[in-house]
Amino acid sequence: MDVKKYIASGILELYVAGILSEEQNLEIHGYAQKYPEIKAEIEAIEASILVISEKSSPGLAKNSFKKVKSRVGKVVSIQTKEIKTTPWTSYLGWAASIIFAVGLIWMYLENDKLKSEIEITSGEKQTLEEQILDIRGEVTDKNNILNQLRDKNVTVVSLGGQTISPTSFAKAYWNKEQQKVFIDAQGLPEPPPGFTYQVWSLKLNPLTPTSVGLLDDFMNNENRVFELPNANETEAFGITLEPEGGSKSPTLEQLYTLGAITT
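Each residue of the sequence shown is one higher than the last, beginning at 0 in numbering that gives the first Met the number 0.
One should not assume that every hint holds.
Claimed, not checked - Computed cross-link-like contacts, DSS-like style, restricted to lysine-lysine with a CA-CA straight-line distance of at most 25 Å:
{"id": "1", "residue 1": "Lys175", "residue 2": "Lys202"}
{"id": "2", "residue 1": "Lys38", "residue 2": "Lys4"}
{"id": "3", "residue 1": "Lys170", "residue 2": "Lys247"}
{"id": "4", "residue 1": "Lys38", "residue 2": "Lys3"}
{"id": "5", "residue 1": "Lys202", "residue 2": "Lys179"}
{"id": "6", "residue 1": "Lys170", "residue 2": "Lys202"}
{"id": "7", "residue 1": "Lys33", "residue 2": "Lys4"}
{"id": "8", "residue 1": "Lys202", "residue 2": "Lys247"}
{"id": "9", "residue 1": "Lys175", "residue 2": "Lys247"}
{"id": "10", "residue 1": "Lys247", "residue 2": "Lys179"}
{"id": "11", "residue 1": "Lys33", "residue 2": "Lys3"}
As the list claims (entries may be wrong) - Using C-beta positions, here's what the derived DEER-type ranges look like:
{"id": "12", "residue 1": "Ile117", "residue 2": "Gly159", "range": "54 to 64 Å"}
{"id": "13", "residue 1": "Ala7", "residue 2": "Gly29", "range": "16 to 26 Å"}
{"id": "14", "residue 1": "Asn222", "residue 2": "Ser248", "range": "21 to 31 Å"}
{"id": "15", "residue 1": "Gly159", "residue 2": "Thr250", "range": "40 to 50 Å"}
{"id": "16", "residue 1": "Gln185", "residue 2": "Asn152", "range": "20 to 30 Å"}
{"id": "17", "residue 1": "Gln177", "residue 2": "Ile117", "range": "21 to 31 Å"}
Derived from the structure by calculation, the hints contain no laboratory data.
Glycine included, each C-beta is placed from N, C-alpha and C at the ideal position.
Build the full structure now, drawing on both the sequences and the hints.
In structure tokens:
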């Protein structure tokens, strides 16, 4: 049992005010015997309300609070099942104190509810701020990519669809000086489970393929733009579909796009 959470729920204030059912009273009484923290909290609440009662009706005995619980209206006490009544004029001050105490409990619960709502609002604000930061980061990344693609030293290579997928296409933005290539793979279909696209740098005469890298995490890359290192003397680029982890040599039957560098 989470004792702190139970105390913070406000049920002990209702228990002390005597407005719970007999079954709830017995249950809380059992908890008070089992958990010293709950018993101490009940005693503290009773002491606070006793102070209020004494101020509302000066001259009350120290045990007046217990009498109030058994005499005002038909409040059930966990100490006895006997219901007592008394002329209302004798306990008007006590009744007013109990009503005032219940009002304080209601205010306590409402205040606790308000705190919870404030915490929720703060959490939503934090989430919104994080989303804004994420968006700003994405915009910055996109701008960085665009700036690199527009570099005057970049060679743009169009890769057309091949027999296995004639409608596929891609573009390679190769910066030879910086030895890297950006692959725009928007025109490629999503790879099936267990497979990934692999980019190849090709020498044409004789045909010599060299792996540039994999287009990993394809599904989660919304831009479908991948940056890969390329220090090769490339004459063409090709993209094949390979098992996850890639292959040592391209599977020509799974060649999706191919494009030569023009001078």
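Here's how the hints hold up against the structure:
1. Lys175 with Lys202: holds, 15 Å
2. Lys38 with Lys4: holds, 15 Å
3. Lys170 with Lys247: Answer holds: lysine 170 to lysine 247 is near 23 Å, not above 25 Å.
4. Lys38 with Lys3: holds, 12 Å
5. Lys202 with Lys179: holds, 17 Å
6. Lys170 with Lys202: holds, 18 Å
7. Lys33 with Lys4: holds, 16 Å
8. Lys202 with Lys247: holds, 16 Å
9. Lys175 with Lys247: Holds: lysine 175 and lysine 247 sit about 24 Å apart, inside 25 Å.
10. Lys247 with Lys179: holds, 20 Å
11. Lys33 with Lys3: holds, 14 Å
12. Ile117 with Gly159: 54 to 64 Å: holds, 59 Å
13. Ala7 with Gly29: 16 to 26 Å: Since the Cβ atoms of alanine 7 and glycine 29 sit about 19 Å apart, the hinted range of 16 to 26 Å holds.
14. Asn222 with Ser248: 21 to 31 Å: Because 29 Å falls inside the window, the suggested range holds.
15. Gly159 with Thr250: 40 to 50 Å: violated, 18 Å
16. Gln185 with Asn152: 20 to 30 Å: holds, 23 Å
17. Gln177 with Ile117: 21 to 31 Å: violated, 51 Å
When held up to the earlier numbered hints, the structure conflicts with 15 and 17 and fits the remainder.
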